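Engineer: One-letter residues, chain by chain:
There are 2 protein chains.
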Amino acid sequence: MNDLLIKNVRVMDGAPTEILIRDGRIAQIGAELDGGDAAVEDAGGRIALPGMAEAHTHLDKSLLGYPWYHNDVGGGNLMAMIDNERQMKKRLGLDPHIQSMRHALQTAAFGATMIRSHVDVDTTGGLRALEGVMETAEKLSDVVEIQTVAFPQSGLMISPGTAELLDEAMKMGADLMGGLDPCGVDHDPKGHLDTIFGLAEKHGKGIDIHLHEHGELGAFSMEQILDRAEALGMKGMLTVSHAFCLGIPDPARVDPLLERLGALEASIMTTAPASSPAPLVKQMAQHGIRFGAGNDGIQDTWGPYGNGDMLERAKFVGLRSNLRSDAEMHMALDVCAGGGAKAMGLERREVKLGAPGDLVIVEGVSVAHAIVLHAPRKLVVKAGKVTARDGATLMIAP
Amino acid sequence: MNDLLIKNVRVMDGAPTEILIRDGRIAQIGAELDGGDAAVEDAGGRIALPGMAEAHTHLDKSLLGYPWYHNDVGGGNLMAMIDNERQMKKRLGLDPHIQSMRHALQTAAFGATMIRSHVDVDTTGGLRALEGVMETAEKLSDVVEIQTVAFPQSGLMISPGTAELLDEAMKMGADLMGGLDPCGVDHDPKGHLDTIFGLAEKHGKGIDIHLHEHGELGAFSMEQILDRAEALGMKGMLTVSHAFCLGIPDPARVDPLLERLGALEASIMTTAPASSPAPLVKQMAQHGIRFGAGNDGIQDTWGPYGNGDMLERAKFVGLRSNLRSDAEMHMALDVCAGGGAKAMGLERREVKLGAPGDLVIVEGVSVAHAIVLHAPRKLVVKAGKVTARDGATLMIAP
Numbered sequence: 011m012n013d014l015l016i017k018n019v020r021v022m023d024g025a026p027t028e029i030l031i032r033d034g035r036i037a038q039i040g041a042e043l044d045g046g047d048a049a050v051e052d053a054g055g056r057i058a059l060p061g062m063a064e065a066h067t068h069l070d071k072s073l074l075g076y077p078w079y080h081n082d083v084g085g086g087n088l089m090a091m092i093d094n095e096r097q098m099k100k101r102l103g104l105d106p107h108i109q110s111m112r113h114a115l116q117t118a119a120f121g122a123t124m125i126r127s128h129v130d131v132d133t134t135g136g137l138r139a140l141e142g143v144m145e146t147a148e149k150l151s152d153v154v155e156i157q158t159v160a161f162p163q164s165g166l167m168i169s170p171g172t173a174e175l176l177d178e179a180m181k182m183g184a185d186l187m188g189g190l191d192p193c194g195v196d197h198d199p200k201g202h203l204d205t206i207f208g209l210a211e212k213h214g215k216g217i218d219i220h221l222h223e224h225g226e227l228g229a230f231s232m233e234q235i236l237d238r239a240e241a242l243g244m245k246g247m248l249t250v251s252h253a254f255c256l257g258i259p260d261p262a263r264v265d266p267l268l269e270r271l272g273a274l275e276a277s278i279m280t281t282a283p284a285s286s287p288a289p290l291v292k293q294m295a296q297h298g299i300r301f302g303a304g305n306d307g308i309q310d311t312w313g314p315y316g317n318g319d320m321l322e323r324a325k326f327v328g329l330r331s332n333l334r335s336d337a338e339m340h341m342a343l344d345v346c347a348g349g350g351a352k353a354m355g356l357e358r359r360e361v362k363l364g365a366p367g368d369l370v371i372v373e374g375v376s377v378a379h380a381i382v383l384h385a386p387r388k389l390v391v392k393a394g395k396v397t398a399r400d401g402a403t404l405m406i407a408p
Numbered sequence: 011m012n013d014l015l016i017k018n019v020r021v022m023d024g025a026p027t028e029i030l031i032r033d034g035r036i037a038q039i040g041a042e043l044d045g046g047d048a049a050v051e052d053a054g055g056r057i058a059l060p061g062m063a064e065a066h067t068h069l070d071k072s073l074l075g076y077p078w079y080h081n082d083v084g085g086g087n088l089m090a091m092i093d094n095e096r097q098m099k100k101r102l103g104l105d106p107h108i109q110s111m112r113h114a115l116q117t118a119a120f121g122a123t124m125i126r127s128h129v130d131v132d133t134t135g136g137l138r139a140l141e142g143v144m145e146t147a148e149k150l151s152d153v154v155e156i157q158t159v160a161f162p163q164s165g166l167m168i169s170p171g172t173a174e175l176l177d178e179a180m181k182m183g184a185d186l187m188g189g190l191d192p193c194g195v196d197h198d199p200k201g202h203l204d205t206i207f208g209l210a211e212k213h214g215k216g217i218d219i220h221l222h223e224h225g226e227l228g229a230f231s232m233e234q235i236l237d238r239a240e241a242l243g244m245k246g247m248l249t250v251s252h253a254f255c256l257g258i259p260d261p262a263r264v265d266p267l268l269e270r271l272g273a274l275e276a277s278i279m280t281t282a283p284a285s286s287p288a289p290l291v292k293q294m295a296q297h298g299i300r301f302g303a304g305n306d307g308i309q310d311t312w313g314p315y316g317n318g319d320m321l322e323r324a325k326f327v328g329l330r331s332n333l334r335s336d337a338e339m340h341m342a343l344d345v346c347a348g349g350g351a352k353a354m355g356l357e358r359r360e361v362k363l364g365a366p367g368d369l370v371i372v373e374g375v376s377v378a379h380a381i382v383l384h385a386p387r388k389l390v391v392k393a394g395k396v397t398a399r400d401g402a403t404l405m406i407a408p
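Chains A and B supply the protein sequences, listed in that same order.
Position in the first sequence (first residue = 1) + 10 = this note's numbering.
Position in the second sequence (first residue = 1) + 10 = this note's numbering.
Isolated chain A, as found in the complex (with noise of 0.2 Å):
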């Protein structure tokens, strides 16, 4: 087994300590621990922070490892980003398997141990980004946990064929069934919610849809899928992603949602967006749904931004709730972390016994301060081996 002591660490805001992780969990806290023939490492008075949890994005997109990509198309156009995705995508004949690979190690090296990823299923590359992705899942599982999602990227109803591939790629073992805007991009609400909400419950599966309709339209939407979920009664099943309608400002429009979203123990992914309303860290959490965070797809056709560094990325969920305070600061932490974890369905990574082993150690007087300096990240322990040293991960990336 991978059994790590780890000597001269601060649990969060804590005074120097050791930790030990013993058989994949944290064993022990202490002083002068008796770590046996456990492996040893020195944190210098470092923190130790729960193994992050990159709750939503694409594996299979990125450009990473190409030249830069010079983009012409911009923002604004929903469906002219995405047909010129996947031209792009086509042109310069991507490998999902080798780009899933290089995000998944860069992401993993910032961090996060688990990560759940959407991954394009269409009509032009049929499962490859699946199988692609899945085979990076089965390699790096001593590294990360990898999620997939089948996701109709180029639209369900709109594209025959396409829920024929999202059933097989359930077959295949795809983790969640994924959708799209049923209004903005399909046209058809009731068909498309419909074909995965049926294609999830065969599976036994749950579902995690993007939703970036805003406003009435986003809120009629949700309504629908709300629905869906209530009368399968898939409590801890569904993930809505974006749901930028839950930033509507009139209470009385949107406490409803999210008191549904509650009862149903729902998930809502975020990239807190700057540009958008969008879902906040305290309205998430008075109304008890479970909350997660993402970079999305990372310097892909869709735009330049994204690394795959959740640490940075607690900093943006900071920024769009205006989370100011030190206990605020934590639970922008939590979102990219233990509670991210959980709204992937994931047990809570804490730092605290019995726990599962996944640290990331990293400079700050504390978690607000590691959290707005996201330095290199000094070390990766994922189940308590070693993933990543001084900001690059151990394993090379193809």
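Hints are computed from structural coordinates only; laboratory data are not their basis.
It should be emphasised that the depicted structure is a prediction, and the values quoted were computed from it without experimental measurement.
We put the CB at the ideal spot given by N, CA and C, even for glycine.
Treat the hints with care, since some could be wrong.
DEER-style ranges, computed between Cβ atoms [said to hold, decoys possible]: (1) Pro261(A) / Arg263(B): 20 to 28 Å; (2) Asp105(A) / Met98(B): 51 to 59 Å; (3) Lys245(B) / Glu373(A): 45 to 53 Å; (4) Glu233(B) / Gly214(A): 56 to 64 Å; (5) Asp260(B) / Asn94(A): 29 to 37 Å; (6) Thr133(B) / Gly272(A): 46 to 54 Å; (7) Gly40(A) / Gly75(B): 43 to 51 Å; (8) Gln38(A) / Pro77(B): 26 to 34 Å; (9) Met98(B) / His80(A): 43 to 51 Å.
Calculated lysine to aspartate or glutamate pairs in the DMTMM-like style (CA-CA distance at most 20 Å, straight line) [what the hints assert, rightly or not]: (10) Lys215(B) / Asp237(B); (11) Lys292(A) / Asp82(B); (12) Lys395(B) / Asp44(B); (13) Lys200(B) / Glu226(B); (14) Lys395(B) / Glu357(B); (15) Lys292(B) / Asp82(A).
Given the coordinates of chain A, assemble chain B onto it according to the supplied hints.
Structural biologist: Chain B alone, transformed into the frame defined by chain A:
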């Protein structure tokens, strides 16, 4: 004079070339220049960006150099934050000159060659902060051009004696008259605005007023501000900082304000906040409004964020305004560099013949890439003189 020949350097997105700065200005750009006795630097193929403009900050407030500040106050209550700060500044015995030296040099190390700083004037600290920042401005005149704004942070009408101090501040040589939320803080828009416009007129200076007020309240205050600026013919002399109210999503309400601001050749300064409605890049460009950006206070009692990096700020500007294409990323940079200089009433910084010899040499394949990387600056040049190298200024902060 500080003549400088920079070899193997790329002008924005261009191919490697050479740049010669003579007598403080860009004298030649081209291959194999004859620099004569100019100092020579090799940029190693990196990009030259224009010197950057930190157009809204508070040099007297940062806690840089102090132990990390544990924040128990959080956001949400503006008056509580103002009161906490005034108390903490006293308790910690902050020296405005030393703090502004630290803050300004860190900002310069990131490539800013211009800074506009609001400086607290209140009945507790009197004019001490302004004296300290003015001393810094003088000491750093070869490194960064610092403008000062006499800023009634603790209110004006609610704090008798402040108006007299502001008058004194303008006599001392503050560059601009400041102001703050005439309704939200002072509860007396007429009294507040009549006072600061009166002082600006008396001393023949421009105005830069903080306006955090949201929605209709902010729009009302903006109208009161515009009425006075128009009446006094303050073309090119009005700046409104933050101006969250311009983010009201109703063109019928906002467009008339934008048109009046454009006609006044007014400036808007933003932090590109993620948690608030805000003025946007294309909106400002469409109405011919000068647009600058800033970090606001960095690592102070208000919050843990900010570091003085105007290239990272360009990333925030891009994220806030949903800019993605290469052409759009150039717009984000401009807000933080040439356009920001113009918003400060200074000459536009550009990398072209005849422009001021303020340059930043930085890693990146393109401007967009340089923004999202915001790697430590290789070299910062002010009027042909190297002021920072590898992320640190040559002058050491106290």
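Engineer: Compare the structure with each hint and give your call.
Structural biologist: Taking the hints in turn, this is what the structure says about them:
1. The given range of 20 to 28 Å is respected by Pro261(A) and Arg263(B), whose C-beta atoms sit roughly 22 Å from each other.
2. Checked against the hint of 51 to 59 Å, the pair Asp105(A) and Met98(B) passes, with Cβ atoms roughly 55 Å apart.
3. Taken as a hint, the range 45 to 53 Å holds for the pair Lys245(B) and Glu373(A), whose Cβ atoms sit roughly 49 Å apart.
4. Glu233(B) and Gly214(A) have their C-beta atoms about 60 Å apart, which keeps the hinted 56 to 64 Å range intact.
5. For the hinted restraint 29 to 37 Å between Asp260(B) and Asn94(A), the CB-CB distance of approximately 32 Å keeps it satisfied.
6. For Thr133(B) and Gly272(A), the hinted distance range of 46 to 54 Å is satisfied, since their beta carbons lie about 48 Å from each other.
7. The hint said 43 to 51 Å for the Cβ distance between Gly40(A) and Gly75(B), and at roughly 34 Å that hint is violated.
8. A hinted range of 26 to 34 Å holds for the C-beta pair Gln38(A) and Pro77(B), which are about 30 Å apart.
9. The hinted range of 43 to 51 Å is satisfied by Met98(B) and His80(A), whose Cβ atoms lie roughly 47 Å apart.
10. A C-alpha spacing of about 17 Å is found between Lys215(B) and Asp237(B), which places the hinted pair at or below 20 Å, so the restraint holds.
11. Among the hinted pairs, Lys292(A) with Asp82(B) is consistent with the structure: their alpha-carbon atoms are about 17 Å apart, no more than 20 Å.
12. Annotation: proposed proximity of Lys395(B) to Asp44(B) holds, straight-line Cα distance about 18 Å (limit 20 Å).
13. Among the hinted pairs, Lys200(B) with Glu226(B) is consistent with the structure: their alpha-carbon atoms are about 17 Å apart, no more than 20 Å.
14. Between Lys395(B) and Glu357(B) the CA atoms are separated by roughly 18 Å; this keeps the pair inside 20 Å, and the hint holds.
15. For the proposed pair Lys292(B) and Asp82(A), the alpha carbon gap of about 17 Å is at most 20 Å, so the pair holds.
Of the numbered hints listed earlier, the single one contradicted by the structure is hint 7.
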